[in-house]
Amino acid sequence: YDGAADMHLFGRFMEESMAYIRDGNLPRERRWQYVSHYMKGKAFDYYTRSVAPRAPSYGVNEFFTGLFDHCFPINYRQSLRKKLRYFNQGEMSVKEYVYELNDLLNQVGIPDERYRVLTLWEGFSPYIQAKLWEEELNPEQSLWDDIVRRAEIIEIARNAANRVTQPKNKNPKDGRGNGKGGGGGDYRPGPPGGPPGPSNSNSSSSNSQQPKSGAK
Numbered sequence: 001y002d003g004a005a006d007m008h009l010f011g012r013f014m015e016e017s018m019a020y021i022r023d024g025n026l027p028r029e030r031r032w033q034y035v036s037h038y039m040k041g042k043a044f045d046y047y048t049r050s051v052a053p054r055a056p057s058y059g060v061n062e063f064f065t066g067l068f069d070h071c072f073p074i075n076y077r078q079s080l081r082k083k084l085r086y087f088n089q090g091e092m093s094v095k096e097y098v099y100e101l102n103d104l105l106n107q108v109g110i111p112d113e114r115y116r117v118l119t120l121w122e123g124f125s126p127y128i129q130a131k132l133w134e135e136e137l138n139p140e141q142s143l144w145d146d147i148v149r150r151a152e153i154i155e156i157a158r159n160a161a162n163r164v165t166q167p168k169n170k171n172p173k174d175g176r177g178n179g180k181g182g183g184g185g186d187y188r189p190g191p192p193g194g195p196p197g198p199s200n201s202n203s204s205s206s207n208s209q210q211p212k213s214g215a216k
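Last residue of the sequence shown: 216 (full-length UniProt numbering), numbering continuous.
Hints listed in this document are in silico derivations from the structure and should not be mistaken for laboratory results. Any given hint could be a false lead.
What the hints assert, rightly or not - Cβ pair distances, simulated, as ranges:
| no. | residue 1 | residue 2 | range |
| --- | --- | --- | --- |
| 1 | L118 | L9 | 26 to 34 Å |
| 2 | E152 | D2 | 23 to 31 Å |
| 3 | L118 | I156 | 20 to 28 Å |
| 4 | N138 | G90 | 43 to 51 Å |
| 5 | N61 | V164 | 49 to 57 Å |
| 6 | E113 | M92 | 17 to 25 Å |
| 7 | E29 | P126 | 56 to 64 Å |
| 8 | S79 | W144 | 32 to 40 Å |
| 9 | E62 | N159 | 46 to 54 Å |
| 10 | K42 | E140 | 14 to 22 Å |
| 11 | A4 | E134 | 40 to 48 Å |
Here a beta-carbon is modelled for each residue, glycine too, at the ideal position from N, C-alpha and C.
Start from the sequences, fold in the hints, and give me the full structure.
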């Protein structure tokens, strides 16, 4: 980890470091020294300046909190909270929206389950919110998983209904019938009350055979 202000990279480094310490049975007094082998740049500066002088006394929370404060801007979480206030489903699918929102909530560090549910609900499209109410769910009492499950079903049902109601052309090439029949020309309707007129190609040949008016 090079100290980039990226919560995904930071979180991955933290998880892998803890797995390395646990699976390797690293001794407490030297664990951060071993972890520092996978640090560089700004992150390694943090280790050499702050951790190395008293590495044995550094606990896990102290180490990673200090690393976060050293590498991330002081207003980083504030900017995430601002983003969270305006975050909504928009054009995203339910699955995409839930994934992005959950990731953002985790980055901000919001453990309160009811607040997370309220944020989830209020970010859904008005259509999905209305359907959730019809399903007798509500943001004050319903669980996150129940809301997400019903929202996904609502989305699937709406997409299926949209496919059914979309007009379909009989002929995908030109939209004027199925292409069956003897004539090769374009269809041209006849006069009201009469039979359909001939195609353009046939009509032109017929007209050429008819005598002109007034001919002797």
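Taking the hints in turn, this is what the structure says about them:
{"no.": "1", "hint": "L118 / L9: 26 to 34 Å", "in the structure": "holds (29 Å)"}
{"no.": "2", "hint": "E152 / D2: 23 to 31 Å", "in the structure": "violated (38 Å)"}
{"no.": "3", "hint": "L118 / I156: 20 to 28 Å", "in the structure": "holds (24 Å)"}
{"no.": "4", "hint": "N138 / G90: 43 to 51 Å", "in the structure": "violated (23 Å)"}
{"no.": "5", "hint": "N61 / V164: 49 to 57 Å", "in the structure": "holds (55 Å)"}
{"no.": "6", "hint": "E113 / M92: 17 to 25 Å", "in the structure": "holds (22 Å)"}
{"no.": "7", "hint": "E29 / P126: 56 to 64 Å", "in the structure": "holds (58 Å)"}
{"no.": "8", "hint": "S79 / W144: 32 to 40 Å", "in the structure": "violated (25 Å)"}
{"no.": "9", "hint": "E62 / N159: 46 to 54 Å", "in the structure": "holds (49 Å)"}
{"no.": "10", "hint": "K42 / E140: 14 to 22 Å", "in the structure": "violated (44 Å)"}
{"no.": "11", "hint": "A4 / E134: 40 to 48 Å", "in the structure": "holds (45 Å)"}
In the structure shown, a violation is registered for the earlier hints numbered 2, 4, 8, 10, in ascending order.
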